[in-house]
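Chains as they are written, first to last, in numbering that gives the first Met the number 0: chain B, 0 to 340; chain D, 0 to 384; chain H, 0 to 401.
Please keep in mind that the hints were generated in silico from the structure rather than gathered at the bench.
Just so it is clear, the structure is predicted and the values come from calculations on it, not from any experiment.
A short, non-exhaustive set of chain B residues, derived as facing chain D with CB atoms under 8 Å:
(1) Pro23
(2) Ser154
(3) Ile159
(4) Gly165
C-beta atoms are modelled at their ideal positions from N, C-alpha and C, and glycine is treated no differently.
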Amino acid sequence: MKSKTFATFVGPSIFMMILFIALPLAGVLSQSFYLTQSVYEEVEVETCTPSFTGQICLTEITTLPMLDKEGKKVTKTTFVGLRNYRNVIEFPRVIAAFANKSWQQFMTIDFWKALRFTLTFTLLTLPLVLLFGLLIALTINNAAKSIRGPVIFISLLPMIITPVIGALSIRWLFIGDGILTSFLEWWLVRDIAMFAQAWTIELMMMLYRVWHVAPFAAIVFYAALQTVNQDSLESAIIDGASRWERLRYVIIPHLMPLIVFVTLIHLMDSYRVFEEVIGFSSQSYVISLQWLTYDFLSLDMLGNRSISRASASAMLTMIGIVILLIPVLRGVWMDYKGRRL
Amino acid sequence: MTNVKALRQPLSLRLSSSIFLTFWCVVAAFPIFWITVMSVKLPIDAFNGNPLKVIFGPTTLAQGKGLSILDITIGLTILIITAKLATGWLIRMVGKFSPSGYLWAGWIIGSLTFGLLFVLVFFGLQPSLLNILNDISGILGINIIGFSTEHYSTVWFEKGFFNNFQNSLLVTTGVVTISLTFGTLAGYALSRSSSNLAFWILIIALIFRALPHSVLVTGYLPFFMNSAEILRPLLGDAAPTLYGLPWATIAVLVAINQPFTIWMLRSFFQNIPAELDEAAQVDGCSHFQAFRRVIMPVMWPGVITTGLFSFLLAYNDFLVTSLLLDVQNQTMVPAIARMFNMETTTTDQVVAVAAAVSIVAPLFFLVLFFQRQIVSGLTAGAVKG
Amino acid sequence: MFLKKIATTIAVSLISTSVWAGCAFENTTEVKSLTAGFDAWKAVTGAMAECGNVSASLDQDFKDKQPDAFAANPSLYQIGGVSNGTMVPLLNAGTIRPLDDLVAKYGSHLKPSQLIKVNGKIMAIAMMVNNQHFMYRSDVLDEFRLAVPTTYDEVLAAAATIAKYDVVDYPLGGTYKAGWNLAEEFVNMYLGNGGSFFGEGNAPAINNATGIASLETMKDLTAYMDPEYLVSDSTYVQQQFQQGKIAMANLWASRAGAMDNAEESQVVGKVIMSSAPMGSVRASSTNWWDGIVLAKNMTDDEADNAFRVAMEGLDTEMVQANNDAAVWLIDGYVAGNAAAGAIATANNSAAPYPSNEPGMGAMHTALGNGIAAFLNGAKDAATTLADIEAAYVVSATESGLM
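Sequences and hints are given; from them, build the entire structure.
Quick look at the structure:
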């Protein structure tokens with residue numbers, strides 16, 4: 000393909016990605032090395048507020064941001080190098096925690112707490128998603144042809160349901176005396192509060208994610224099962240391979256590219272776990288990296304955002320995902336080179 | 000399958016396999032089933048701790064709102080017939096009556112007409128018919144399960160969900176159309192190029208795919224709100240305020256969606272032998288003509304599958320739409336989050352549950368219609384990483 | 000029935016575009032408002048809409064959007080709904096306009112207490128006040144012959160008594176959801192005990208005996224709450240009350256009306272409102288107000304028009320139609336039983352929320368993120384407060400305050 004034709008074809012797509020992804024990202028990168036502050040001045044202010052008994056007026060000296068002639072906030076931007084990163088990583092507290100050999104103390108530092116959860120979440124849900132996906136695919140494949148359609152239909156539901164609604168409906172089932180909590184209480188004959196300790200919340204978040212993603216894996220695997228080479232299966236049978244061996248040596252290798260594909264997608268999606276933190280309001284126990292960035296970015300009551308720290312934490316998240324993806328990216332590179340030869 | 004005997008499975012395996020599958024189906028469907036049940040009950044029943052009371056809804060029933068055996072039978076029959084028609088008859092009719100090359104248009108018109116007919120029959124004709132039948136059919140006509148549609152009418156008629164529905168329709172249509180147009184072009188070019196540039200485009204797209212969205216989206220907000228002032232030197236007085244404009248949101252969603260779209264479409268294109276476009280070029284087509292006349296007609300399964308994923312992304316999106324759209328043109332998902340976050344009464348919460356079911360319902364029908372395309376699209380060996 | 004409903008909806012929507020019956024004038028210039036979404040705002044914006052050409056955004060993200068939307072030129076909205084907290088960013092950024100002229104022209108009916116003045120200029124018109132106050136089940140307290148608690152020690156004693164018997168699931172409820180709610184509970188407690196948040200130059204000053212005592216009281220209270228207190232917000236506590244699961248709680252005045260709503264509540268007439276428990280200095284609660292502001296970036300004519308529309312929303316007619324939706328400051332409001340707690344709390348000299356402290360925004364965020372670690376036992380009180388102060392110092396330094 001000529002490079003001019005190539006450019007015409009990919010042009011619109013590249014343009015959109017540059018405009019809405021690359022440019023904001025470059026902005027985030029440069030923000031993470033700078034600090035933008037309002038300039039404050041001390042002024043005397045009299046404020047009058049209502050109450051039932053009349054008005055209360057207070058006069059006091061306070062610091063307010065300075066406004067320029069056009070009425071915009073005066074700000075100054077300084078280059079601070081890696082200070083924003085240091086503020087996110089908080090090394091002194093890390094060192095203090097290590098000096099005390101206290102894991103609990105280490106886990107009170109936001110960034111590390113978020114990193115710990117994000118990694119646990121990603122790495123624990125991954126095998127579960129693959130396992131459940133494979134099991135569902137195999138059992139669907141094993142079922143009578145007539146019921147496959149309806150079963151696939153039901154299996155697809157968790158995948159297509161709006162994540163916000165999915166998380167909410169799971170939450171309704173468990174919060175307070177929700178229907179499933181009541182069931183568990185009746186079954187285990189004890190009082191249960193699912194939202195009262197970190198591990199149950201974490202467990203629910205992971206189960207929700209597996210519930211939400213396993214169908215995707217299942218459908219991809221099921222589709223691939225339809226193209227398993229019957230000849231190699233039959234020769235395996237003739238060689239006397241057991242059912243397990245056939246699965247292990249014929250079917251799994253056939254599915255391998257798709258297992259890599261599902262792994263890739265799942266790593267990317269679960270590393271930026273966010274909806275679960277909001278949906279289960281877990282922030283008092285567990286937080287994730289994207290939630291941390293989001294929290295830095297939300298306006299506090301007085302209208303300030305910690306943009307610099309948010310940028311730094313976003314860049315750290317990025318670095319993390321690139322590290323996680325390196326093995327997979329290497330595979331893609333090999334594959335690509337191989338194809339070209 | 001020549002060697003049937005060797006493939007026959009022992010009873011234990013078949014049994015555990017079907018037990019697992021049944022278990023999975025219950026797990027998969029339960030949350031959705033449950034919110035549907037809650038949405039047709041009055042608040043006291045809906046949030047009751049006793050599951051039987053939630054299902055049968057005694058308080059709702061006591062207020063004279065319920066379903067009789069007859070209602071349930073007829074309702075279920077209509078639903079089953081609809082499902083059968085949708086998966087069989089409709090597909091045949093669309094295939095038969097669509098002019099060749101315009102199958103997609105046939106699908107759109109077909110599904111819309113079908114959906115409209117269903118709504119008319121199920122919500123329009125059925126209730127009035129059943130009212131008459133219930134009166135004359137004695138014991139079968141007595142209400143046994145609490146059932147009330149009042150929350151749905153609150154959602155759709157009083158809370159203006161119609162408006163949100165239209166906005167969702169606009170945004171998803173826009174996103175799917177533009178994503179696919181740009182995505183097929185790029186995906187095709189990338190599948191036919193083996194330059195280093197193409198490789199790096201793919202890798203960078205992959206990294207973009209992994210980006211946390213909140214980082215990007217919060218960056219847009221100040222720019223979108225001030226865009227009229229920022230763009231004035233460039234565009235003069237025509238400079239728009241991007242905040243609240245559906246097409247600006249569509250553009251953002253398309254961009255966020257591009258990495259996945261081009262990867263997926265690229266792998267579909269790779270399955271189409273390059274000899275095909277070479278042959279077309281020998282016949283004197285330009286690259287673009289070859290793409291349009293020869294490649295696209297065999298690409299429909301891939302386009303439909305990718306389109307469905309784009310649809311899901313746009314329809315289900317919360318972060319982008321809630322921040323960049325004004326309340327007046329918000330889509331359904333942020334609208335429902337608004338219902339939950341407002342200082343709500345318990346009634347409002349059940350109303351929001353009804354809204355949640357209303358959002359899921361179109362997805363339900365979508366899967367019903369396109370299930371075959373999803374599975375066969377993936378079976379076509381599309382997704383190779 | 001369904002078809003009929005569609006038909007009526009269409010008919011109603013056609014009519015409503017030309018209705019201005021409840022309004023003194025016909026509005027011809029478009030007026031847009033951005034406010035929070037709770038009931039009182041529904042009532043107010045509904046009354047404004049009667050003038051025609053009003054589009055009201057009742058948005059849950061209003062406080063994220065307002066600063067940028069009002070900074071745009073021309074402003075994206077003419078009218079903004081604010082509270083004493085959310086007005087500050089707009090005030091600091093200079094994006095709202097003084098209203099003295101307009102009040103002189105159209106606002107003769109406003110009560111002096113409604114006029115929010117900063118440096119002598121009217122910057123906002125308040126419409127209602129809100130605070131957290133004590134609510135209790137009178138039948139439960141009567142059953143055990145308990146007097147209405149007026150301090151937190153009495154609350155704890157009453158809770159201990161109730162906990163011995165199986166009348167309610169949990170003696171206490173609390174809006175302890177991590178984040179904004181939890182921080183607000185601490186602010187109430189700390190101010191009630193006479194604490195102050197800042198020292199010289201906006202330095203934090205919460206790591207002291209008062210701070211520790213406030214945290215300890217909060218932790219003592221949680222022992223009698225639903226163990227899921229860290230996810231319970233106002234709606235959840237309100238539901239616990241309505242379903243008869245709790246006997247006492249400190250809850251927002253704007254929720255008081257819901258206790259007697261027969262459609263939802265199983266405890267109609269049994270929940271009584273009283274003052275927030277006293278701290279060592281004053282009632283442990285903070286007073287809030289909600290009201291409207293006008294954007295600076297619009298023409299004077301537009302502002303004139305927007306103000307007239309806003310006044311239609313804040314008139315006596317609206318209050319009479321929605322008397323129990325809030326504790327209104329507007330003329331014509333009749334304080335009912337539901338308002339008793341709010342008024343008693345204010346009379347016990349509860350402090351206004353300290354939103355005029357420049358560091359309060361960062362402090363509130365730091366508190367909201369930090370306190371949970373103490374309540375679930377990960378840190379002791381002094382360490383928690385020290386860590387919150389450290390988090391505050393980082394954000395205050397970053398924003399230039401320190």
